[in-house]
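> These protein sequence lines are chains F and A, in that order. The numbering of the first sequence is our numbering, which starts it at 1 and goes up by one. The numbering of the second sequence is our numbering, which starts it at 1001 and goes up by one.
If you are wondering where the hints come from, they were derived from the structure by calculation, not from laboratory data. Keep in mind it's a predicted model, so treat the numbers as computed, not measured. Treat the hints loosely; a few may be bogus.
Straight line, CA to CA, 20 Å or less: simulated SDA-like cross-link-like pairs of lysine to any residue [what the hints assert, rightly or not]:
#, chain 1, residue 1, chain 2, residue 2
1, A, LYS1002, F, PHE140
2, F, LYS2, A, ASP1067
3, F, LYS40, A, PRO1042
4, A, LYS1108, F, ILE70
5, F, LYS108, A, MET1154
6, A, LYS1032, F, ASN134
7, A, LYS1068, F, ASN35
8, A, LYS1002, F, LYS108
9, F, LYS2, A, ASN1142
10, F, LYS2, A, GLN1060
11, F, LYS2, A, LYS1108
12, A, LYS1108, F, GLN60
13, F, LYS152, A, ILE1172
14, A, LYS1032, F, ASP136
15, F, LYS15, A, VAL1018
16, A, LYS1011, F, ASP67
17, A, LYS1002, F, ASP136
18, F, LYS31, A, GLU1137
19, A, LYS1040, F, GLU153
20, F, LYS2, A, ASP1136
21, F, LYS2, A, PRO1029
22, F, LYS17, A, GLU1137
Number of protein chains: 2
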Amino acid sequence: MKLTETTIAEKNIYKGKVIELNIQEVELPNKKIANREIVKHPGGVAVLAYEDKDTILMVQQFRKAIDKGIYEIPAGKLEYGEDIEACGRRELEEETGYKAEKFTYLGKIVTSPGFCNEYIYLYKAEELYKGELNTDEDEFINVIKFKVDTVKEMIKRGDIIDAKSICAFMMI
Amino acid sequence: MKLTETTIAEKNIYKGKVIELNIQEVELPNKKIANREIVKHPGGVAVLAYEDKDTILMVQQFRKAIDKGIYEIPAGKLEYGEDIEACGRRELEEETGYKAEKFTYLGKIVTSPGFCNEYIYLYKAEELYKGELNTDEDEFINVIKFKVDTVKEMIKRGDIIDAKSICAFMMI
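The task is simple: from the sequences and hints, build the whole structure.
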């Protein structure tokens, strides 16, 4: 069955600092009309950064949307037009203070394809060396080193719930 | 460092069928004030359904937000107040036509904690038997059976990019 939906009209509801909200009127495969609420997001890059082969860097960050501090791999939003790898290298350095000699693309994910166009590109960083810590002015982060085996247990125990961080481990 | 952000004010921008958009004014750990754009979503349930120990059910669905048909494990939105497992069982049956004797909780994830409060609860379904296919009126789905090893290869190759589906495989 052909599943495509065709946009007939699109209306912008909100344009903010991080996201936009649009309502699309679409034609369904059965020719009926439906509305789709679509959040537009620039996408992001997340980095699985190895201090050594058994140890990775994670950040602990308060996420207002879920009113909770959670562990995540270092990550950040793409600026429109920014090179994806450059964004990953920038975010790794800003959030953890580390640069990497070796930066390897792992794959990309969609986080909430039912209503949002956000893609997150995943990288592995190795051979780390000191750069410059420089978080955004509204960003407060603790950097924590974890053993890879500990992280895998934390995922199974439910102590790590961040989708992009969990996905990165399926791609190595 | 204590990372909590406290809500000072909240304004609703949009209230739709699937999502709400709110702007929160928050006090940061350094006492400064910032705005947070927050998408409210009821959350969802996704089900890794095994036809036998080597074979799972996936659905192929067109996702307007990314203008692309993708493979996902069966999943759907929670109705407000709905029991989580009941939602998983309902969505599995509606999307694939199968019920399950055995339904096991795997864990939960947050998909986009930077701007959205969506949690997805993951379950494993086993000992399937025929129920009743009944997709939503604006939902068009192909059900496909895949070998588990094939799915793992598809994740690494980038042919499966859906975060919840990838996460489920980290939790079994």
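> Against this structure, judge whether each hint is valid.
These are the hints, each one checked on the structure:
A C-alpha spacing of about 9 Å is found between A:LYS1002 and F:PHE140, which places the hinted pair at or below 20 Å, so the restraint holds. Between F:LYS2 and A:ASP1067 the alpha-carbon distance is near 13 Å, which keeps this suggested pair within the 20 Å criterion. For the hint linking F:LYS40 to A:PRO1042, the alpha-carbon distance of about 19 Å falls within 20 Å, and the restraint holds. At most 20 Å may separate the alpha-carbon atoms for a hinted pair to count; A:LYS1108 and F:ILE70 meet this at roughly 13 Å.
For a cut-off of 20 Å, the pair hint linking F:LYS108 to A:MET1154 stands: about 12 Å separates their Cα positions. For the given pair, A:LYS1032 sits about 18 Å from F:ASN134 by alpha-carbon distance, which is consistent with the 20 Å threshold. Simply put, A:LYS1068 and F:ASN35 have alpha-carbon atoms about 17 Å apart, close enough for the 20 Å limit, and the pair holds. Proposed proximity of A:LYS1002 and F:LYS108 is contradicted: the alpha carbons are some 32 Å apart, above 20 Å.
For the proposed pair F:LYS2 and A:ASN1142, the alpha carbon gap of about 9 Å is at most 20 Å, so the pair holds. Proximity of F:LYS2 to A:GLN1060 is assessed by CA-CA distance (about 10 Å); at most 20 Å being required, the pair is judged to hold. Pair hint F:LYS2 plus A:LYS1108 does not hold up; C-alpha atoms about 32 Å apart against a cutoff of 20 Å. Annotation: proposed proximity of A:LYS1108 to F:GLN60 holds, straight-line Cα distance about 18 Å (limit 20 Å).
In summary, the hint linking F:LYS152 to A:ILE1172 is supported, as the alpha carbons are separated by about 12 Å, within the 20 Å threshold. Taking the CA atoms of A:LYS1032 and F:ASP136, the gap is about 13 Å. The hint holds against a cut of 20 Å. With a CA separation close to 18 Å, the supplied pair F:LYS15 and A:VAL1018 stays within the 20 Å bound. Restraint check: the Cα-Cα separation between A:LYS1011 and F:ASP67 comes to about 17 Å, which is no more than 20 Å; the hinted pair holds.
Between the alpha carbons of A:LYS1002 and F:ASP136 the distance comes to roughly 17 Å, so the proposed pair stays at or under 20 Å and holds. For the suggested pair F:LYS31 and A:GLU1137, the alpha carbons sit about 12 Å apart, so the restraint of at most 20 Å is met. The suggested pairing of A:LYS1040 with F:GLU153 is violated, with an alpha-carbon distance near 30 Å, which exceeds 20 Å. Restraint check for F:LYS2 and A:ASP1136: satisfied, since their Cα atoms lie roughly 17 Å apart, inside the 20 Å limit.
Restraint check for F:LYS2 and A:PRO1029: the C-alpha separation of about 51 Å exceeds 20 Å, so the hint is violated. A C-alpha spacing of about 34 Å is found between F:LYS17 and A:GLU1137, which places the hinted pair above 20 Å, so the restraint is violated.
In terms of the numbered hints stated before, the structure departs from hints 8, 11, 19, 21 and 22, listed from lowest to highest.
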